[in-house]
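Engineer: Chain residues, written in single-letter form:
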Amino acid sequence: MATICDSKIPAGPLEKKWSKHQAESKLVSPANKRKFEILVVGSGLAGASAAATLGELGYHVKCFCYQDSPRRAHSIAAQGGINAAKNYQNDGDSVFRLFYDTIKGGDFRSREANVYRLAEISNLIIDQCAAQGVPFAREYSGLLANRSFGGAQVSRTFYARGQTGQQLLLGAYQALERQISLNAVKMFPRTEMLDLVLVDNHAKGIVVRDLVTGEISSHAGDAVILATGGYGNVFYLSTNARGCNVTATYRAFKRGALFANPCFTQIHPTCIPVSGSYQSKLTLMSESLRNDGRVWVPKRKGDNRPPREIPDSERDYYLERKYPSFGNLAPRDIASRSAKEVCDEGRGVGPGGLGVYLDFAESIGRLGEKTIRERYGNLFEMYHNITGEDAYQRPMRIYPAVHYTMGGLWVDYNLMSNIPGLHVLGEANFSDHGANRLGASALMQGLADGYFVIPYTLGNYLANQSGKKASVERPEFKAVEEQARQRVTKLLSIRGKRTVTSFHRELGLLVWENCGMARSAEGLQAALGEIPQLREEFWHNANVLGEGNDLNQSLEHAGRVADFLEFAELMCLDALDRNESCGGHFRVEHATEDGEALRNDDDYCHVSAWEYNGSGKQPTRHIEPLIFDNVKLAQRSYK
Amino acid sequence: MNFNLKIWRQAEGSAAGKFVDYQAKEIPAEASFLEMLDIVNEGLIARNEEPVAFDSDCREGICGTCSLVINGVPHGPGKAKTTCQLYMRRFRDGDTIWVEPFRVLAFPIIKDLIVNRSALDQIVEAGGYISVRAGSAPEANGIAVSKRDADLSMEAAACIGCGACAAACPNSSAMLFTAAKISHLGLLPQGQVERSRRAVSMVRKMDELGFGNCSNQYECEAVCPAEISAGFIARLNRDYAGSAVKEAVLAE
Amino acid sequence: MPVATLTPAPARKFSRNPLIAFYQSSIGKKWIVGATGAILFAYVIGHLIGNLQVFLGPDRINGYAQFLHDLGPTLWVIRLSLLLAFIIHIVATIQLAQQNKAARPQAYAVQGYQRSTLTSRTMVVSGLIVLCFVIYHLLHFTFEATNPVFRTLEDSHGRHDVYRMLILGFRKPLISFFYVLSMFLLACHLSHGFASVVQTFGINNSKISGIVARSGESLASLIFIGYISIPIFILLRIVH
Ligand SMILES: Cc1cc2nc3c(=O)[nH]c(=O)nc-3n(C[C@H](O)[C@H](O)[C@H](O)COP(=O)(O)OP(=O)(O)OC[C@H]3O[C@@H](n4cnc5c(N)ncnc54)[C@H](O)[C@@H]3O)c2cc1C
Ligand code: HEM
Ligand code: HEM
Ligand code: SF4
Ligand code: F3S
Ligand code: FES
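Chains as they are written, first to last, in my numbering: chain A, 1 to 639; chain B, 1001 to 1252; chain C, 2001 to 2240.
Extracted from the complex, chain A is given alone in its bound form (with noise of 0.2 angstroms):
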């Protein structure tokens, strides 16, 4: 069953593998390369840095994005920074220790060899972007300054003050806006992906509309790349993007590509909380803050005083005691799952009893506001901003929020899936970083994926693909395309009494409750349950009005909804399938006895990757079993 997820990992020792890979790869000469065509979803830093660097090479790249410029890909909003093993700091970091702590960050649910290419690969990407002119910050040598980020150990992360996603992006944007002048990128802003084109099994072209006009039309390409992102608005909440959807990986999926491990999700700790339904998305705020503010709830239940009146002796600080060493800064997961406890239990604070209180009243005492505002002004000012309070004077309110999807298309060592000429790229992918992310590496890995793994191995799939280029009026192309418009009529057709976000909102708070920071099967099996109703409701209830023919926002957003109601069954059925807990996915089943994960390496040491069997049918699922040999798995503790 295994065969159909090869992971073309190639053999010798793990530091030798990349360079062999590379050095074994095959070439398309300068002449030939003009004459293939690459289809790039995505502008995002895996989008962007592959459509410029394919460009650069001398390949003809259509680069495809849903925003109104390539510079605005979710990417953009990243802040906290890029790992790399440059080592500057002379504090023992080195490839090995960053491939380490990647792989355990995952809880051992991610491939060795990925994970370890992309540790070599991280100190290229900061080479490239600092040459680029990203304005990282420097110490007074005028040499490149770090930080620690994410509980890691040293300090290896490289920033641009809170907005280095934007300025690694913008650096990503300006290479492909170089590449557009020189005519090498043809840029295909305001398009969105609707489907893939399969010719002979090979993925040959996609089918895009054109989000100004309506029109709805298919580009052929020798090999697509697939960087459209992660898919954490299933959830509706979330801290991404309002556009983020999963339409164009699930589209692929459809079409014969394994989605692999979709329950994998990551929830960020501290966000600002919900106030009300009419809530469009929630911000994160950054989790440096939990250097210096301590977590509490009030210990007794519907505790409804004021913060300040509540005495400490009545305040439950949980994070400290449940985790005497690290505290306030337990792993994101941890964290996340710990606040959820205690709302549960019915003392979270604020608006619906969903928050918990962080609280810099014991740090302002000790080094005065002075210091505080100095370290986190920013985010104190950001705060205030959304929720109109000042949190010098009473603490903040946070909450945990979906953040992050691991889980993605899967791909082999190649970066493509199991359908040839497929390349998935960036958040897309599932590649590397198992059941959790850690922070700081989802740029590196984005950047490493289009700058540097995707032009050695695009040439694999190529060297014998010349001359196979369908043309856009073969019947395939026809077919999908006629199937595209098909479905937009239906949408449009529907005029229900439901708005699509009623829609949306219901699904995710569907999946927040039963697929979110703890699962049980139970749950899962209810939601399984609802899921279909709902998208059935959907099909006959939905208001989508409007015209097919222009801008659109209400069909686009229909459009993705739909994807999401097929796409969280399949998120709910994997959450299911894996009866262990690791990283990001709890089952509260598999717990220990003080109620931390319990990973079940014997039977489920492996990538789950699905495949679509047509509507209404269960998929099914292949495994790509995990050989460890350069690591020991272990239990991860942060008691």
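Honestly, the hints are just simulated from the structure, not real lab data.
Beta carbons are placed, not taken as given, at the ideal position from N, Cα and C, and that holds for glycine.
Hints are not guaranteed to be accurate.
When the alpha-carbon atoms are kept at most 25 angstroms apart in a straight line, the in silico BS3-like pairs for lysine-lysine are as follows [unchecked claim]:
hint : chain 1 : residue 1 : chain 2 : residue 2
1    : C       : LYS2013   : B       : LYS1079
2    : B       : LYS1081   : C       : LYS2029
3    : B       : LYS1079   : A       : LYS370
4    : A       : LYS8      : A       : LYS468
Between beta-carbon pairs, the in silico distance windows are [to be verified]:
hint : chain 1 : residue 1 : chain 2 : residue 2 : range
5    : A       : PRO532    : B       : GLY1043   : 40 to 46 angstroms
6    : B       : GLU1042   : A       : GLY377    : 34 to 40 angstroms
7    : C       : THR2117   : B       : LYS1025   : 51 to 57 angstroms
8    : B       : GLU1139   : C       : ARG2121   : 35 to 41 angstroms
9    : A       : ASN378    : C       : LEU2118   : 32 to 38 angstroms
10   : C       : THR2122   : A       : ASN291    : 52 to 58 angstroms
11   : A       : GLU369    : C       : GLN2095   : 53 to 59 angstroms
12   : B       : LYS1025   : C       : SER2015   : 33 to 39 angstroms
13   : B       : LYS1147   : A       : ASP312    : 37 to 43 angstroms
14   : A       : ASP200    : B       : GLY1135   : 51 to 57 angstroms
15   : C       : ILE2211   : B       : SER1146   : 22 to 28 angstroms
Starting from the known structure of chain A, arrange chains B and C with the ligands on it as the hints suggest.
Structural biologist: Below, chains B and C with the ligands without anything else, positioned relative to chain A:
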């Protein structure tokens, strides 16, 4: 809270547009301006009226997608924030609020409140980059950048590309955006090689696209969500003169 | 107010000649406006210092006028460069203003200016009124076309009696009033103009921009007070 909204509706770029009155009822004070519009839109859909089209994506002030002009001010009242970060508690109950699209020749209207800002991309395309091939970069610490320059460069690089500067400028000039882009790269040692070419061709592109000229009104600086200083325009003016001379001499 | 708004950008053409192309660019033209503005500014200050000699008595100012006339060809060089600067300044600013107007095809229904000032937004108006003033002023005191009697005024040394001309000229309240009004608009123009030149020449930065703006205002006020003191003192018969 309740509001009287006067919102610009325009079916498409070539159609005529007009202001339409809408009532926003029972809006929570904690809602953002865009969430208020979401609520209005939900109400419109319930009445089978087409919702108001407006752009947004990140909704946390960094992507630069949101773009409304609220009571004559791009991104609305308040300093250093985007429309998506504007909260209704800033308004008074019962206020009348005018909502318009950016009105800039180089940003044609697509629909309702949505405009096409690809002109900004074209300015970057004209030279807003450092040409470095992946794989050819030297070791990062091989190029030292003084902290002062790096910080100043970062200040310019913080531009989110929203275009509010051009929308606010009485001349519809994109000078603040262009100045920020050129300064970001021009301040770094890596950006020196292409510096004069970059400045001349980016400014040329901006002019060609039909943006106006800067007459030092500083409206741009006042609305800029990234707090880009108009000092960068001064820097560009200086840079441009030197660059134009350099390019002219080198062209001979 | 139904208005359609899909106007393609007017193609701005650029010459291959770098000098012309510089003038055609937005920033290049600003440099030209700034440079000519600075020359005119300098003249306004110099002219003020010269004119203030009226308070030192007829001998001083008439001597000064004679000195200027005796410069001969040099005077013409100065006059012609001034004229040229003036013309270029006007042509360039009007071109800029036209382009600026075209860039905003439709005005906002409500306008929420925050930082700009009435003065900064009305440079063309203040400039054009100053132009009218200068034309009248030349006819008044230089060509003496409005009051041909001025041509006959001579002092005891046989020099042109500029002192008497001023006294006679400004005794008429309407004329004095027109001068004062024009000086006010000139001051407005220069108040923004000064800070503008500093910005255009790239000397400005965020640290000094406040000081620069205030310096412009102060300088303009001084120029205003300086100039209007002449008609006012004459009108009030303090100088006679
Ligand atoms: C608030 C926040 C903070 C973060 N902070 C950090 C951090 O500090 N460090 C870190 O390492 N990571 C961080 N992350 C994670 C990281 O930002 C993302 O994982 C990463 O940027 C994803 O990049 P990407 O290129 O894969 O996708 P994206 O940047 O999401 O790009 C997706 C692209 O695909 C396009 N697209 C999507 N769907 C379609 C479609 N159907 N048709 C056409 N185009 C489509 C979009 O237009 C876009 O161009 C953060 C994430 C969030 C949400
Ligand atoms: C005669 C008609 C005049 C007109 C129509 C005129 C118009 C203008 C305009 C529109 C500007 C703003 C240009 C811009 O910033 O884009 C300007 C700037 C300026 N003007 Fe004038 N002006 C006139 C006369 C004068 C005179 C007589 C002086 C001085 C004595 C003067 C001095 C200046 C200065 C110093 C500036 C600032 C230049 C800059 O922005 O860098 N102008 N003028
Ligand atoms: C109260 C204010 C002013 C007074 C009293 C004044 C006075 C005079 C006098 C007496 C002359 C004639 C000199 C001569 O022929 O010997 C003169 C010439 C002139 N003045 Fe003024 N002036 C005033 C304001 C201005 C201003 C504001 C400007 C410009 C903006 C200006 C521009 C000129 C010019 C261009 C000439 C001609 C110079 C020449 O002959 O070359 N004046 N002025
Ligand atoms: S300079 Fe400011 S206002 Fe202009 S595009 Fe950049 S961020 Fe927006
Ligand atoms: S508002 Fe406009 S005039 Fe210049 S200083 Fe800003 S671009
Ligand atoms: S929506 Fe991204 S900045 Fe407002």
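Engineer: Does each hint fit the structure? Answer for all of them.
Structural biologist: The hints, checked one at a time:
{"no.": "1", "hint": "LYS2013(C) <-> LYS1079(B)", "verdict": "violated, 37 angstroms"}
{"no.": "2", "hint": "LYS1081(B) <-> LYS2029(C)", "verdict": "violated, 33 angstroms"}
{"no.": "3", "hint": "LYS1079(B) <-> LYS370(A)", "verdict": "holds, 23 angstroms"}
{"no.": "4", "hint": "LYS8(A) <-> LYS468(A)", "verdict": "holds, 24 angstroms"}
{"no.": "5", "hint": "PRO532(A) <-> GLY1043(B): 40 to 46 angstroms", "verdict": "violated, 30 angstroms"}
{"no.": "6", "hint": "GLU1042(B) <-> GLY377(A): 34 to 40 angstroms", "verdict": "holds, 36 angstroms"}
{"no.": "7", "hint": "THR2117(C) <-> LYS1025(B): 51 to 57 angstroms", "verdict": "violated, 39 angstroms"}
{"no.": "8", "hint": "GLU1139(B) <-> ARG2121(C): 35 to 41 angstroms", "verdict": "violated, 52 angstroms"}
{"no.": "9", "hint": "ASN378(A) <-> LEU2118(C): 32 to 38 angstroms", "verdict": "holds, 35 angstroms"}
{"no.": "10", "hint": "THR2122(C) <-> ASN291(A): 52 to 58 angstroms", "verdict": "holds, 53 angstroms"}
{"no.": "11", "hint": "GLU369(A) <-> GLN2095(C): 53 to 59 angstroms", "verdict": "holds, 54 angstroms"}
{"no.": "12", "hint": "LYS1025(B) <-> SER2015(C): 33 to 39 angstroms", "verdict": "violated, 59 angstroms"}
{"no.": "13", "hint": "LYS1147(B) <-> ASP312(A): 37 to 43 angstroms", "verdict": "holds, 42 angstroms"}
{"no.": "14", "hint": "ASP200(A) <-> GLY1135(B): 51 to 57 angstroms", "verdict": "violated, 33 angstroms"}
{"no.": "15", "hint": "ILE2211(C) <-> SER1146(B): 22 to 28 angstroms", "verdict": "holds, 26 angstroms"}
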